[in-house]
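One letter stands for each residue in the lines below.
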Amino acid sequence: MRVGDDAIVEVEGLDRLLALLAERGYRTLGPVVRDGAVVPGEVATAGDLPAGWHDVQAPGRYRLERVDDDELFGWAVGPGSWKSEFFVPDETLWRAEVADGTVTISVPRAGDRPVAVFGARPCELAALGVLDRVLAGGGIPDERYAARRAGAFVVVVECGSPSSSCFCASMGSGPAVDAGAGPGPGFDLVLTELAGPHRFYAVAGTEAGAELLDAAGAARATEEDRVARQDVLEGARRGMERSLETEGLAALLARNLEHPRWDEVATRCLSCGNCTLVCPTCFCADVRDVSDLSGTVERRRSWASCFDVDHSYLHGGAVRPTTSSRYRQWLTHKLSTWWDQFDTSGCVGCGRCITWCPVGIDITEEAAAIRDSDGAPARPAASGVGTSG
Amino acid sequence: MGEAGALVPEPYVVVGRRQEAEDVVTLRLEPVDGVRPAFRPGQFNMVTSFGQGEIAVSMSGAARAVEPLEHSIRRVGAVSAALCAAPIGAVVGIRGPYGTSWAVEEVEDGADVVVMAGGIGLAPLRGAVMELVARLEAGRGRVFVLAGARSPDQILFPEDLRSWERAGAHVAISVDVGAPGWTGAVGVVTDLLATAPFDAEGARALLCGPEIMMRFGGRALVDRGVDPARVLVSLERNMQCGVGLCGHCQLGPVLVCRDGPVVRYGGLADELFMERNR
Amino acid sequence: MSERSSEHTRALVAEHAFLAGLPPQAIELVAEVGEPVSFGAGSLLFREGSPADVAYLVTKGRVALEVHAPNRGPVVVDTIGAGQVAGLSWAAVPFRYQFDARALDDVEAVAVDAARLRVALAEDPVLGFLFLDRLAAVMLRRLQATRIRLLDLYGPGGG
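Residue numbers (numbering that gives the first Met the number 0), protein chains in the order written: chain A, 0 to 388; chain B, 0 to 277; chain C, 0 to 158.
Just to be clear, a hint being listed does not mean it is correct.
[Stated by the list, open to error] Here are some chain C residues the structure puts well away from chain A; computed CB gaps all over 10 Å:
no., residue
1, S5
2, E6
3, R9
4, L43
5, P69
6, N70
7, G72
8, V92
9, D123
10, L131
11, I147
12, R148
[Said to hold, decoys possible] For each label pair, taking beta carbons as the anchor points, the in silico distance ranges come out as:
no., chain 1, residue 1, chain 2, residue 2, range
13, B, R139, C, R148, 40 to 46 Å
14, B, A195, A, V358, 20 to 26 Å
15, B, D32, A, R60, 55 to 61 Å
Keep in mind that the hints were calculated from the coordinates and are not lab data.
We treat Cβ as the ideally placed atom computed from N, Cα and C, and that holds for glycine.
Just chain A, with the same shape it has in the complex (with noise of 0.2 Å):
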């Protein structure tokens, strides 16, 4: 098998991928059934897997359901992302002793064993692609960021089931992975689930994902099955409910700073920060020292959101005070200001930020609104000659 040939992976033969895997060293991880959710988890078999499981999802909205087939992946996303493997919630930077006038730092590894994602959906490869330009790609690295990403094994498994949240396909970044738009990480396999019978259309994006399709013994596809590819990911297309427009989207949101939907989504917006902890392209961190009393020092980065008050915090106060001012930031940042500060779109459309929002938020729907009233002035001008308010 080379790099860009295609083969079909028996659903016997996902058992001989993981345990491949696992003997390679890989922690394997994948999306498995907690607590009502599709989470990522260790995944040791097929069985780990989510079978016969739906996902519905609406705005503020998230219920598994069973069906009565073996579907794996008959499901979208669930709340977690692969970038809490990457870009790790909690982390220490640095340690350092200090004693007597002398200071002594230490540096813990980045990680012990490579990951292999086993099951990333195409918007969640778009968005480890969106992180690595962010934290990767400038002139100053987060190194521990990138040495888990150059160890990393990606499976990659394209969408057959939409919910009604995703609007990928407007994004370019799915239900397939040549989807076209914004920079997208190498993917070591991808696979597309087909039925009648059971199987995975399979290719290999690395010489890695190649030797292992061989290792699994993976026979070559057909055009039938290729055929079959292309009407689920068909399927999926016609079936997603959302899109978001994004022509000329950057420079509408910057020109409507003062518009008035800011503080009108204000009114519903809690500032919880929900979007920003399920968004698999968030990388907001706080950077804090934490010290005891044995002179020990430690420097911690964790996740932090731009919803919280204190995060633009500047001797004396907040510049972004209000939830209007906030919910603004976010917005455009995401969509707008992104793509000044790294040149793509912050947004996979993998419409997280709609499901997991406890009242129900569409970022779809905020930015149809301001493009609807492009121009809308903040408040009503007076009544009689015109101001120059």
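With chain A's structure known, arrange chains B and C on it following the hints.
Below, chains B and C alone, put in the same frame as chain A:
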């Protein structure tokens, strides 16, 4: 410490300290090992007080390699208070240099340079003014230093201000409120522009201080005829990693630690300054 | 503007304290280039940096002059009430508002077209002097008050 990366500080020892004002201390620092990296005035380091935390502080000393690293720190919180109290011999952590500079080396020969500083804002400009005075002494252009302080006892670097004036720089200082013995100007620093005889044609301006000062000062300079693209300001936002990875210092499209702190006024800061709660 | 409303404007202008004692032609002039306006509490009359082309003769309510700083939000530096003028920057170069003006409660005012007023005052120097004489008095009073406020008299050791 190459493999440790930019998130790990280098130990530096305090070799000198100077009380500049009641709440401002200048620390002179030398690396425990090796030589300090080169920097350009306007840039900043992330300075760690082991046990309290880390803050962004601009370099306030000369950039010449023979000079030790200087940071003038204003006591506004726990970390800055600890740094202001650091005795000679204390070890602090330094990461940097980061950010953009005043780019004094790019100023064309013959151009007048106006430096407007408000309060602690004179500290990030000090290294640049030293270079501009050297440029003046070499006959390559004039420099006009306009410094504002709250009161006479809060004027920073008075000896430097005097020596710059002796070297031929135009130096004007004003305070918001006078005090007994003060015979200098009392008023806002932007009013010092009126009596600064610089030629707006081809002039450059460097501004550093409270955002309101830079906002009003930038406008006043443009009203005077200075090309807004030649006016530079130094932005400030909550900074935690200093290297563009933590997202805290965003101001619209700008990551202050990476695309700033020094940015051009015309076509960028002038708009950013008008965006409320951004 | 209808006859009725211009009558109304003239009445408002004639009663306004800023113009008290000015000859009838001054009242007429201002009424001609003015229009009654209202601002709901919290709304903005003008923004810092925008062209100062309106002078507001406040007839009801209060207006706050504010400066915005990133970490302090808007700070009120002055308040202008009924009988006073909000917005003085129309009177001198660079004819640009230096502060934000926000209605603290429901505000009614006569919005005077400052550009046309300046032209009219330039054409009639006597009227111009009377007008600016009043303006100078307002500015001087506010300046003197500001200087005293700078002393922070209520702070520790204020004097």
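Q.
Under the constraints set out in the numbered hints, which ones does this structure not fulfil?
A. 4, 5, 6, 7, 14
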